[in-house]
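Chains A and B, in that order, are what the protein sequence lines are.
Numbering-wise (the working numbering), the first sequence opens with residue 1 and increments by one.
Numbering-wise (the working numbering), the second sequence opens with residue 1001 and increments by one.
Keep in mind that the hints were calculated from the coordinates and are not lab data.
Please read these numbers as outputs of a predicted model, since none were measured by experiment.
No residue lacks a Cβ here, since even glycine has one placed at the ideal position from N, Cα and C.
Wrong hints could be hidden among the right ones.
Said to hold, decoys possible - Within a straight-line C-alpha distance of at most 30 angstroms, the following computed DSS-like cross-link-like pairs (lysine-lysine) qualify:
1) B/K1081 / A/K186
2) B/K1186 / A/K81
3) A/K140 / A/K113
4) A/K190 / B/K1020
5) B/K1257 / A/K257
6) B/K1186 / A/K20
7) B/K1257 / B/K1062
8) B/K1186 / A/K83
9) A/K81 / A/K20
10) B/K1061 / B/K1081
11) A/K107 / A/K61
12) B/K1083 / B/K1062
13) A/K186 / B/K1020
14) A/K107 / A/K72
15) A/K62 / A/K140
16) B/K1081 / B/K1062
17) B/K1130 / B/K1164
18) B/K1190 / A/K20
19) B/K1083 / A/K186
20) B/K1083 / A/K190
21) A/K83 / B/K1190
As the list claims (entries may be wrong) - Covered stretches of chain A (chain B as the covering partner; in silico rule of three or more C-beta atoms under 8 angstroms from a C-beta of chain B):
22) 183 to 193
23) 220 to 232
Residue-level listing of the chains:
2 protein chains.
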Amino acid sequence: MSLLVVGSVALDSVETPFGKHERILGGSATHFSVAASYFTSVNLVAVVGNDFPDGHLELFKKRQIGLEGLEKQTGPTFHWKGKYEYDLNQAITLQTQLGVFESFDPKIPANLKQPEYLFLANIDPRLQYKVLQQMSTRPKLVALDTMNFWIQNSLEDLKQIMAKIDLLIINEGEARQITGESNLMKAWRKIATLGPKTLIVKRGEYGAIMFQDGHVFSAPALPLEEIKDPTGAGDSFAGGVMGYLARLQATDWNTLKQAIIFGSAMASFNVEDFSCQRIVNLSLEEINERAQSFYHLASFESDLL
Amino acid sequence: MSLLVVGSVALDSVETPFGKHERILGGSATHFSVAASYFTSVNLVAVVGNDFPDGHLELFKKRQIGLEGLEKQTGPTFHWKGKYEYDLNQAITLQTQLGVFESFDPKIPANLKQPEYLFLANIDPRLQYKVLQQMSTRPKLVALDTMNFWIQNSLEDLKQIMAKIDLLIINEGEARQITGESNLMKAWRKIATLGPKTLIVKRGEYGAIMFQDGHVFSAPALPLEEIKDPTGAGDSFAGGVMGYLARLQATDWNTLKQAIIFGSAMASFNVEDFSCQRIVNLSLEEINERAQSFYHLASFESDLL
Chain A
1 MSLLVVGSVA LDSVETPFGK HERILGGSAT HFSVAASYFT SVNLVAVVGN DFPDGHLELF
61 KKRQIGLEGL EKQTGPTFHW KGKYEYDLNQ AITLQTQLGV FESFDPKIPA NLKQPEYLFL
121 ANIDPRLQYK VLQQMSTRPK LVALDTMNFW IQNSLEDLKQ IMAKIDLLII NEGEARQITG
181 ESNLMKAWRK IATLGPKTLI VKRGEYGAIM FQDGHVFSAP ALPLEEIKDP TGAGDSFAGG
241 VMGYLARLQA TDWNTLKQAI IFGSAMASFN VEDFSCQRIV NLSLEEINER AQSFYHLASF
301 ESDLL
Chain B
1001 MSLLVVGSVA LDSVETPFGK HERILGGSAT HFSVAASYFT SVNLVAVVGN DFPDGHLELF
1061 KKRQIGLEGL EKQTGPTFHW KGKYEYDLNQ AITLQTQLGV FESFDPKIPA NLKQPEYLFL
1121 ANIDPRLQYK VLQQMSTRPK LVALDTMNFW IQNSLEDLKQ IMAKIDLLII NEGEARQITG
1181 ESNLMKAWRK IATLGPKTLI VKRGEYGAIM FQDGHVFSAP ALPLEEIKDP TGAGDSFAGG
1241 VMGYLARLQA TDWNTLKQAI IFGSAMASFN VEDFSCQRIV NLSLEEINER AQSFYHLASF
1301 ESDLL
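Next comes chain A alone, as it looks inside the complex (with noise of 0.2 angstroms):
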């Protein structure tokens, strides 16, 4: 198999402007699997309790998403409950149940030991160190996402495994948090000096900017007149972002710029509805359309006086 995700399985109770709907499938892994799902074969390995709705295993294996590594335990599955005001663009959470997810300790299946491309989604920096240390080989890219609550309180494990990773996908107030940097190009400065070759910085409406040596790309997002919940868009981004590198088997820059577009393409689709609804339905047209209308939105010719 070629990619796989580290991450959590959730019930999210979410309310924003355009409804409120209890109990909904969420979670990092999830959105980063469907959305990944389109590109590669993708295996996720989380845990949920035992009051996870069979419903929402279904909607795992019609997208493909090999669930050998789905623990079920006994107790209640992660809960996160939240709403969203008009701008939408910050989740107010009202409620963090951890259920099964309090004691999550990540063992790979053997057989998911030799992912070519893999992803630590937003889990305890010292689990995700735990997981590349059981990989039998070293994937050909490890990326990595982290938030606010490790970099306060776990920087030093964070460290540890950043400097394991190629590419940190975070958002813009992590990597001011990270660095204690305000300018972008001093972050990623001081974010190189800690392991990582690439950094991509998502910025939310304003889409997001990538880093390496020598070279910065900047991409912008769609915008879009009706945004019913931006649950999730950050791990739909990513699972675009990987999903594409893992089916081009590539690395290069190129590539990554093309990995960018795709992945904001899943994160616009992911935005479009509640949960997974949206993207869960989508054709290779629709996604390649919503490639070309990025290209559209941000395409000019290099003219000069």
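Assemble the complex: chain A is given as a structure, and chain B must be docked to it using the hints.
Then chain B, alone, in the frame of chain A:
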């Protein structure tokens, strides 16, 4: 002549983490006209007091900016005192002394009444209206900037002049404030009903986005490691945009896209030093090279799956 700007010429006292400068040359018409002067011939209409240093006039003359419309009145020149803290995105106004600007009533000299391109920089919308009325022929393109103060206090006056213009160049907060829409696509649809056929939204470190019927273009900002003083970035952007349009004598979609790139290039130079120090001494080669760097930053192929 081809391009006329009506706005402010000011003395700014500015403090940023990179230095502190007293009574340096500032004002919307200043940054605009210096930036535009690399593309076309520019005339400015503004007012200064009898404390305005002759040395500053030399700077305008060096850039061959027409000063026939620069009134000199008895009293102090408009003086803005402000500072920026580490994130540099938000100006903190410490003091505003309107001086002779308070009674500014722009009178356009007879031989400046037929510009092909007219920029109404941020002043009282009633004055913007009076300027347009003084034109002996309708310019090919009229563009306008404004600010939160007029949106809050003179919205009806602002709507009167907006109904007469072609291109609105404002920042994101202003677009939201005028329309009451946080979603930019929705904001654009409302603005389109008020008159402008084209909207350019300035997004600071996130670049700019342009809307026209059926078209959207998103341009990045260049990630800069040293931003010494953001004052005038928006005006030098507008100067580059309008100067480029006047130079090309065209306002089609592709020319507008290029204009945004050259406007962004001028803004990126502007912030590299205080006042107009950086943008007063550029070569065409430097400007072309900067525009090229935007191309490298944002270009990608339109590959399909």
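Pairwise hint evaluation, A/K140 against A/K62, where the allowed Cα distance is 30 angstroms at most
holds, 28 angstroms
Does B/K1062 sit within 30 angstroms of B/K1083, going by the straight-line distance between their CA atoms?
holds, 28 angstroms
Between B/K1186 and A/K81, does the CA-CA distance stay at or below 30 angstroms?
The given pair, whose Cα atoms are some 28 angstroms apart, holds under the 30 angstroms limit.
Hinted pair, alpha-carbon criterion (30 angstroms max): B/K1083, A/K186. Please report holds or violated.
holds, 22 angstroms
Run the distance test for A/K140 versus A/K113: straight-line Cα separation, threshold 30 angstroms.
Holds - the C-alpha atoms of A/K113 and A/K140 are around 13 angstroms apart, at most 30 angstroms.
Given the hinted pair A/K190 and B/K1020, is their alpha-carbon gap at most 30 angstroms?
holds, 28 angstroms
Take a quick look at whether B/K1083 and A/K190 sit within 30 angstroms of each other, Cα to Cα.
holds, 27 angstroms
Going straight from one Cα to the other, do B/K1186 and A/K20 come out at no more than 30 angstroms?
holds, 23 angstroms
Please work out if B/K1061 and B/K1081 have their alpha carbons no farther apart than 30 angstroms.
Roughly 26 angstroms separates the two Cα atoms, so the pair holds.
Next pair to validate is B/K1186 with A/K83; report whether the Cα-Cα distance is within 30 angstroms.
holds, 22 angstroms
Taking 30 angstroms as the top limit, are the C-alpha atoms of B/K1257 and A/K257 close enough?
Measuring from Cα to Cα gives roughly 21 angstroms; hence the hint holds.
Between B/K1081 and A/K186, does the CA-CA distance stay at or below 30 angstroms?
holds, 28 angstroms
Violated hints are absent here; each numbered hint is respected by the structure.
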